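There are 2 protein chains.
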Amino acid sequence: MARRIGIKDVAAAAGVSKATVSHVLNRVEGKRISQETQQRIWRVAEELGYTPNSLAQALATQRSQTIGFVSDEIATTPHAGRMILGAQEAAAAAGLVLLLVNTSGDAELERTSIEMLLQRQVDGVLYAAMYHRIVVLPEALRSTPTVLLDARCDDMAVPFVVPDEVQGGYTAVRELIAHGHRRIGVTVQTRDLPAREGRLEGYRRALAEAGIAYDPSLVAAETAVPFDTVGGDVDSGYRAARRLLTAEPRPTALFCYTDRMAAGAYRAAAELGLSIPHDLSVVGFDNQELVAEALYPQLTTVQLPHYEMGAQAVAQLLALTGTSGSPPGPVAQEMLHCPLVARASVTSPPRL
Amino acid sequence: MARRIGIKDVAAAAGVSKATVSHVLNRVEGKRISQETQQRIWRVAEELGYTPNSLAQALATQRSQTIGFVSDEIATTPHAGRMILGAQEAAAAAGLVLLLVNTSGDAELERTSIEMLLQRQVDGVLYAAMYHRIVVLPEALRSTPTVLLDARCDDMAVPFVVPDEVQGGYTAVRELIAHGHRRIGVTVQTRDLPAREGRLEGYRRALAEAGIAYDPSLVAAETAVPFDTVGGDVDSGYRAARRLLTAEPRPTALFCYTDRMAAGAYRAAAELGLSIPHDLSVVGFDNQELVAEALYPQLTTVQLPHYEMGAQAVAQLLALTGTSGSPPGPVAQEMLHCPLVARASVTSPPRL
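Quick mapping for you: the protein sequence lines, in order, are chains A and B.
FYI, the UniProt record's numbering numbers position 182 of the first sequence as 182, with every residue one higher than the one before it.
FYI, the UniProt record's numbering numbers position 65 of the second sequence as 65, with every residue one higher than the one before it.
Misleading hints may appear alongside valid ones.
All copies of an identical chain are treated as equivalent in the list; a pair is satisfied when it fits inside any one copy or across any two copies.
What the hints assert, rightly or not - Restricting the straight-line Cα-Cα distance to at most 25 Å, the calculated cross-link-like pairs of lysine to any residue (SDA-like) are:
{"no.": "1", "residue 1": "K18", "residue 2": "R43"}
{"no.": "2", "residue 1": "K18", "residue 2": "Q39"}
{"no.": "3", "residue 1": "K8", "residue 2": "T112"}
{"no.": "4", "residue 1": "K8", "residue 2": "R32"}
{"no.": "5", "residue 1": "K8", "residue 2": "G49"}
{"no.": "6", "residue 1": "K31", "residue 2": "E209"}
The set of hints was computed from the structure by calculation and includes no laboratory data.
These numbers were taken from a predicted model, which means no experiment stands behind them.
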C-alpha cells in the first residue's frame, strides 16, 4: 500500500509546523494564523491528497460515524439487498456508513460479530431479520442503541420497523373482491410466523367487510420441504393450490402467502388445464420481481416495503442516538404500508 | 448508550495501575507481573465485559482489520448477496470485517464512498460489479490494494476474479448436444458485454466440437427495454425466442443468455403451444433460483459462482496485502468454473 499522507507531509510541503497544520485542518478556533497561511495549507493538503485520519477522530470523540447492520441472511433473495440499500442510503445522507455483518443464523457467529462491531464503537446497530420474525435480542445489544428491522422482540422498549401484514393481506383480498370474486382460497405455510397470522387476519377482515362468510375449507396450509428454500416454497404452494382446485366447488381466485407459493399455484393450474386469469385469478405476496415478472401471466402481488423499512430503521436509530440533530425521541414501533402491485393475474371470475 | 468499560475500570476493580492492566491485556513482553496478578486482571476484565478498543489498536498499527466492499448495485438480484456472503465469510475466517458501500452506479457517490473507506483506513478494497463488466478503476483506488470482483479493467496489474463465461456457454450447449440436439437456437441481449461474447464463444466451441455448422440465423439478439430490469430481460427473451420458434425449420432447443430470458422463452413456447421439454428443450444461464425454480418445468441452467468469487477475491486481497501470513504474491487473474445445474427443461429432441 502507498504510504498514507499525514499531517507531517503537509507541514513539510507547506513550510509550517505540524501544530499549525493540525490547527488549520481541524479548524481549531482562537489560533492566530494568517489567512494566507491557512489557504496555503488547505491547498497543499489537497494537492498531496491528504485525507483526515478518521480513526484518530473517532478515538477522540468516541463516535465512529458507523452503524452496524447485523443480518441473519443476505444471500437468498433480493430482500436483504433492498433493506441494506435503504439503510445505507439513509445512513449516507447523515454522513454515516454501514458496517455489515451476516450471521447466517449461527448464534456463536452472531455473538462474535456483534462483539466486533462494539469493538469498532458503532454508534448503533440495526438488527435485521430477512423475514418478519419474533427474535431474542442478543445480550450484548441491550446496552447499545438498537433498532429491530423486520423483527420484533419481547422487550417493548426496543424500537422496530416491520411490514403491516394485516393491511397487506387485506389489500390482496380486497383486490380480488373488487373484481367480483366471492369464493377465494388461501394457500399458506404451516409455520407460525407474524406474516402468516397477519396475512390471514387481513384475509378475514376483507371477507367480513364484503359480507362473505369465512370458510375454513378454503384455507390450505402446507409445510415447505426442504424448509425455507425456494423449491420448498414453490412445491408447498403447488400442493396447497392443487388441493383447493380439485375440491368442489372450486375457488375462482387464490390469495397465495408468497410469490413463490403463487408460482406453485401456476403449476397446479397448468396441470389442471386452468388458464390464469380467465379460469383462476391469483394474487401473491412479497413482490419478488424475479418471480412475479418471470411468471406468465405476470403476477399481481403485494409489496413488502424492504427499502423503506431499511431507511426508516436508520431514521429511528438516528433519533435514538440523537445523531439526527434533534434530542433522542420516544421509542417508535412502526408498521409500514404494503402496497398492491397490479400486473396480469387478476380478472373477473368465470361464469360457472 | 451504556458507558464503555475501559482499562481504567479494570484497573480499579483489580486494584492495580492502568499501566499494569494495559501490559497484561496487550500481552506486552518483558514486564515482571506475577502470574497471579495477570490471572486476576484477565478474570476482572472478563467479569466487567471489557472489550479492547479496536480504534486505538488500529490507530497504533495503521491497520483497521477491515476490508472495503464497493459495489455498484446490491438490490436487484440475490447475486450481490451471494458475493457479499462469500467475501464476508472468507474475511471473517481471517478476522476481518467488511465495510460495505454501495454506489448505485453514481460516480460522485462512488468517489465520496471510496474516500470514506480510505479515511477509515481499510486494509484493502474489493471493487465489485453485479454483472461481469469492464470497469475504469477509480483514481483513488490506484494506491490502495484492490481486487476487482466480477469485473476487469485495462490495467493488467490489478487482480480480478470473474466467471469463465466461455466454459459456461460451452457447458450449457454441451448438455443440449448430449441429449441429441443439433439445431440449437441462442437468445441474447444486444449489449456488448464480456458475458455475451464469452457465452456465444462457448456456444460456437460446443457446436464445432460436435461437428455442427454454425448458423447465424439461429442467433437471435434483442434489446432489453426498459434496460437492465427484470421485466426488460424477460420481454427481450420472449421476443428473441418467438422469432426463432416461428422460423422454419425451428430449433429443437434454446440456449438462453440469462434465466430471465429463458422465462421469456417459456412464455413464447406457451403461446405457440410448444411443451417444454417435449417439444422444446431450454437451458438458461445464471442459476437465479427464484426464476429457475418458479418456472414450470424447473429450468436447467448454468451457475454463476458468486459465492466462490466473493471468497476468492478476499483470498487474493489477503495475498496482496500479505495479511494471509505469506508474503504478498503475484497478481492473480482468475476465471472461475460455472457448473451445470440440471433440472427439468432438457430432454431428447422430438422426432420431427
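Now for the hints, and whether the structure bears them out:
In this assembly of identical chains, the alpha carbons of K18 and R43 lie at most 25 Å apart only when taken from the same copy (15 Å versus 42 Å across copies). Proximity of K18 to Q39 under the C-alpha cut-off of 25 Å is restricted to the intra-copy arrangement: shortest distance 15 Å within a copy versus 42 Å between copies. Taking identical chains as interchangeable, the C-alpha atoms of K8 and T112 lie at most 25 Å apart only when they sit on different chains, with a minimum of 24 Å there against 37 Å within one chain. For the identical chains of this complex, K8 and R32 are intra-copy neighbours only, at 20 Å inside a copy versus 36 Å across copies, given an alpha-carbon limit of 25 Å.
Taking CA atoms no more than 25 Å apart as the test, K8 paired with G49 passes inside one copy only; the shortest distance there is 13 Å, against 38 Å between copies. For the homomeric pair K31 and E209, neither the shortest alpha-carbon distance inside one copy (72 Å) nor that between copies (78 Å) is at most 25 Å.
Going through the hint list in order, the structure does not satisfy hint 6, though it satisfies all others.
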